[in-house]
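Chemist: Position chain B against the provided structure of chain A, taking the given hints into account.
There are 2 protein chains.
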Amino acid sequence: MSKLVKNAVGRLVPTEINGESVVPFMGVNKYQPEGRRHAPKITSNANFPSDGNKQVASLKDALIKAGLKDGMTISTHHHFRNGDLLANMIFDIAKELNVKNLRWFPSASFPCHEHLIQYLEDGTISHIEGSMNGALGRFTSQGKMSKTAVLRSHGGRYQAVQDGDVKIDIAIIGAACADPFGNANGLYGQSASGLLGFALADSEYADKVIVVTDNMKPFPCIPWQIQGNYVDYTVEIEKVGDPKKIISGTTKVTKSPDRLLLAEMTAKFCEATGIIKEGFSFQTGAGGTSLSVSNYFAEIMREKGIKARFARGGSNKYLVEMLNEGLIEYILDGQTFDLDGVKSMAENPNHVWTSPFTSYNFHAKGNFAQLVDVVILGATEVDVNFNGNVVTHSDGYMLHGIGGWQNCLFSKTVILPIPLFRDRIPVILDEVTTICGPGELIDVIVTERGIAINPLRTDLIEAAKNSGLPLRTIQELKEEADKICGKPQKPKLSDEIIAAIKWVDGTVIDTVKKVM
Amino acid sequence: MSKLVKNAVGRLVPTEINGESVVPFMGVNKYQPEGRRHAPKITSNANFPSDGNKQVASLKDALIKAGLKDGMTISTHHHFRNGDLLANMIFDIAKELNVKNLRWFPSASFPCHEHLIQYLEDGTISHIEGSMNGALGRFTSQGKMSKTAVLRSHGGRYQAVQDGDVKIDIAIIGAACADPFGNANGLYGQSASGLLGFALADSEYADKVIVVTDNMKPFPCIPWQIQGNYVDYTVEIEKVGDPKKIISGTTKVTKSPDRLLLAEMTAKFCEATGIIKEGFSFQTGAGGTSLSVSNYFAEIMREKGIKARFARGGSNKYLVEMLNEGLIEYILDGQTFDLDGVKSMAENPNHVWTSPFTSYNFHAKGNFAQLVDVVILGATEVDVNFNGNVVTHSDGYMLHGIGGWQNCLFSKTVILPIPLFRDRIPVILDEVTTICGPGELIDVIVTERGIAINPLRTDLIEAAKNSGLPLRTIQELKEEADKICGKPQKPKLSDEIIAAIKWVDGTVIDTVKKVM
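Here the protein sequences line up with chains A and B, keeping their order. Per numbering that gives the first Met the number 0, the first sequence starts with residue 0, numbered consecutively. Per numbering that gives the first Met the number 0, the second sequence starts with residue 0, numbered consecutively.
Only chain A is shown next, with the shape it has when bound in the complex (with noise of 0.2 angstroms):
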C-alpha cells in the first residue's frame, strides 16, 4: 500500500490501491478532471453476422468468444438484486476453465453472491469493485480478500467506465428481455426486472458485450434498453434469475410508530418550509420510512392541491398511485422496486426509465439528480459535521453499498430521517466510522427527538424558524443519546485497509478498515 495523504475531509488515504494512483478527494465540486473520455475500439460490421444474429449456443461458448482470460474485469448489473443467478454461472464457467485472477465489477453484489466467496479464496477472483450487501462485505471486512475492494456511487461507476478508470474486458448484461441482435429490455418476462440502467456503461464502454436473457424474442426487442449494436454475442439461457427474490412484492409502508413518527415529521419540515410547493421535485427512495414520507407528501398536496413536476424513483406502488392520481407528472426511475413499477413502467409513457448517466454521472455537462428540489435518504451514522456514512455499522463491518445516496446529495435540499439511536448504538457521533458523503451537503437530519439543520442553510433555519417544529442543533441531538446509551464504544480495526470509497469524482473520499 502506498504512503497515505489527509483529504479535504481529513481522513489519511492512499495514492495508490491495487497498484493504480488514485487522487485523495479535494473538496466538493473541486477536482477538475483532465484527460478524455475512454474510447472503445473501432468495430466495424463487417466482422460481425450479416442477418444480425449473433446468438451463441451457451454463455460458456460467449465466455470463450469473448476471449476470456486471467486477469480480465467482468462487469455485471444488479437489476435482478438477491434474485440473480447470472453471476454465479459466470464465476463457476472461469473456474471450470482454470481462469484465475479476476475483477469482478459487478453495480452492486447482494447474498446471493455468497457462493462466490470460494473464488475469492481460491483466486479465481482477486476482488471485487463494487457494493457488497452482506456476506461478501462482512468477508471483506475480514481482510480475506486479496486486493483491495473500491465502492462506487452508481453515477461514480458510470464516471469510471466512461473515463477509463475501469476499462471492463467482458460485460455480462442478464435481460428480462431481448432480441438475438443484442436489444434488450427489463420489462416483459419472467425475470422482469424494470430497466437496465445499471448496465448502460457497460454496454457503452466494454471491449466485448455479453446478452444473456431467458426470453429470447425475433428482433426487434422493444424499447431497447440495452440497444444491440454496442453487443458482440447473445445467449438464451433456462433462467437467469429468481423472480421471487427479483422483486420482493414486500416493499411495504413501515408499521413502526418510530418510523412513522420520523416520516411524519420529515414531511411537515417539507411543508413548512415550503419545499412542498407547486412544482417541486422528490426522490423518497425505498425504505420502509422513505415510502410512508411520500405517503405523507401525498396527503399534503392533496390538502393544498399541489402537484409535483416530478418524483424520481426507485418507483413502487405508492409512486404510482401518486402518479395516476395525477399528484405526480412523471416519474423519472432508475429502479422499480416492485411490480406495479415494472407494469407502471412498461405502459406509462410518463413513468420514464433514466440511467446512472442522466441522473447520477458527475463528469457530464449537469445531471438530473442536481435538478430535484429535495431527496429523503437514510444513514447508518452521521456525525456533528453532518458527515454520512451509508456503508459500514458502527462495528466497522461493510454490509452495505453506496447505491445512489452519493449522488443524490447534490440534490437541492437533502434530508436524513434517522433513529436517534438503533439497538442502544447512538447514529449520531463525534465522527463516522466511515465518511461517504461530506457534511457541507447534508441539510437536514429528522429525529424522533427533534430536527437538527445544518448550520450552512440559513435559508431553512430562517424558514423553520416559527414552525413549531423540534428544531435543535446536531450536537444537542447527539449529547441528548449519549445520555441514553452512553458514550459508543469505537470498533476495532486495524490499520489494513480493505477497502476504498470513491468520490463521484473518482476521488478517495475515506477507506474502511480491516476490523480486528
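Certain hints may be false.
It does not matter which identical chain is meant; a pair holds if it fits inside one copy or across any two.
Pairs of lysine-lysine residues, derived as DSS-like cross-links and limited to a Cα-Cα distance of at most 25 angstroms, are as follows [what the hints assert, rightly or not]: (1) 40 with 166; (2) 342 with 316; (3) 306 with 411; (4) 40 with 207; (5) 216 with 411; (6) 29 with 64.
Hint data in this document are derived by calculation from the structure and do not stem from the laboratory.
Modeler: The following block gives chain B in isolation, referenced to the frame of chain A:
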C-alpha cells in the same frame, strides 16, 4: 489535390482531401478500421450551473460562450428540412462576428440554405461536408466552393463523427421541444418534425453542444431524444423553422400511371419470389413510387393474411395506417415525413424512433439496416454492372444527397424501381456518372419494360423464373432505352474534383467533377 489512385470499383480517387489523408474504397466489407472512437474531453458538473439551468439569452450569446472562432467545424441537422431557419441564423451571426473559414457539417442542406452562398463566397464558410440538395449543389458543381465537399450517407456521417474523422467544435441542435437543461425532442410544438436522430452523434461527440428551441418547457422534456447531459447551452428563440416546410403535407401516393406500374411490378416481384411472407420486414422510403409500393404490399398482405414484423420509416400516413390496421407490428423510424407520422410516433409505443447509430452506423457491431428483408430505393442512374448513383444527374450536376441510401444497400434484398428514361435521358448506362453504391449490393432493377435481376442473386433468378414477370438482362434494358433515346451524351466535366463520395466505412468510393 493529392495523387489519384484507382479504387475497388475502378474509380480514380484522391488519397488526400482538404489536406487530410483518406482511404480509397477497398470493396464491400474489406476495409478494417483501426484505432479507437473519438473520445470527447471529460467534463465536470462542477463547471455547469448547479440548478441545471443552462439557458442563455440568445443564439449569439450561446455561440460566443461556445467559443466560436475561425476554422471551426459547425454542425446542424436537417430534421426541419426545407423549413430550417437555424443554419442561416448561425452563419449570419458568424458573419456579424467576422468569423471566417468555418466548415459547415450539416446532416443535409436544402434549397432554404441558398442564403449561405454569400458566406461561401466571402470566406465565412470554407466548405460544406454534407448532402446538398438544390442551389448549393449547383454552386458546388460549378467549382465555386473553395475547398472540396465531402458527401456521406446518414450512417457514414455517424461513423465519421464517432471515429473522429470529423471533429465537431460546436453542434447546434434545433428542437421542437426542449427544457433549460438541454433535454430535447422533435415531437411537440409548432416545429414538430418527429425525431432528432440526425443530431445524435453531434450531441454525443461535439466539443460544445447548443440546443435551440421555440418551445421551452420546464424540466423534464420527455422523451429526451437528445439528452441534456451532453448539452452546454440552451436557447429559446421565436421560431426555429417554418412549419409549412418542415412537414410538406404533400407526400402523396403517385398518380402517374408509369410510376404506379413500377410500384405494382415491384410488389408483384416481392410476392412472386416469396419475400412477402409472415414476419417479413421492409423499407420503402418516401417518394411517390415508394409510397405506392407500400400500398401494393398492404393489398397483398391483406389478401394473404400476412403480417410484417416491422417496417422501417421514413414514416408517413400510409405506413401509419398499416401499423394501425395491424399489418405491421412495429415501425422503426428514422424520420417522419408527414404529420400522421409525427402523431403516431408521439402516441404509439410501437412506432419507435431510431437513430443513424442503431440503424445505419457501419462501425458498430451490426445495425438494423442489414436486418431488413427488402428495401425499395431510387437512383438517378444505374449501370450495366448494377452500380448506382444518387447524387448527380447525367448532366454532371450534383443536386442530391446520399441520405440513408448506401446504408440500406445492406438489406437482404435491394430493389430499385426506376423508369428506363427520364426526359428522354436513359437511366441505365454503361457507366454511372458517380458510383454511390457498388453493384454487388443492388439486386433488382424494376423498369416499365422489364425486371433485371443481378446475376449474383441466383436464388432470386430461380424464384422468379416461372412468375410470368417480364425478366430481362440489364444489358437488354439498356439497349432498349438507347434504341428509343439514342446513345446518351457524356456530361462535360473538367478534371477538377469538387466533391468526394464516402462509402459507409469512411473510404472514398468516387468523386464528383466540376461541370464545364
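Chemist: Look at each hint and say if it fits the structure.
Modeler: Hints, one by one, checked against the model:
no.	hint	result
1	40 with 166	both (12 angstroms within a copy, 17 angstroms between copies)
2	342 with 316	within (10 angstroms within a copy, 31 angstroms between copies)
3	306 with 411	within (18 angstroms within a copy, 51 angstroms between copies)
4	40 with 207	both (10 angstroms within a copy, 23 angstroms between copies)
5	216 with 411	between (43 angstroms within a copy, 20 angstroms between copies)
6	29 with 64	between (43 angstroms within a copy, 22 angstroms between copies)
The structure agrees with every numbered hint stated previously.
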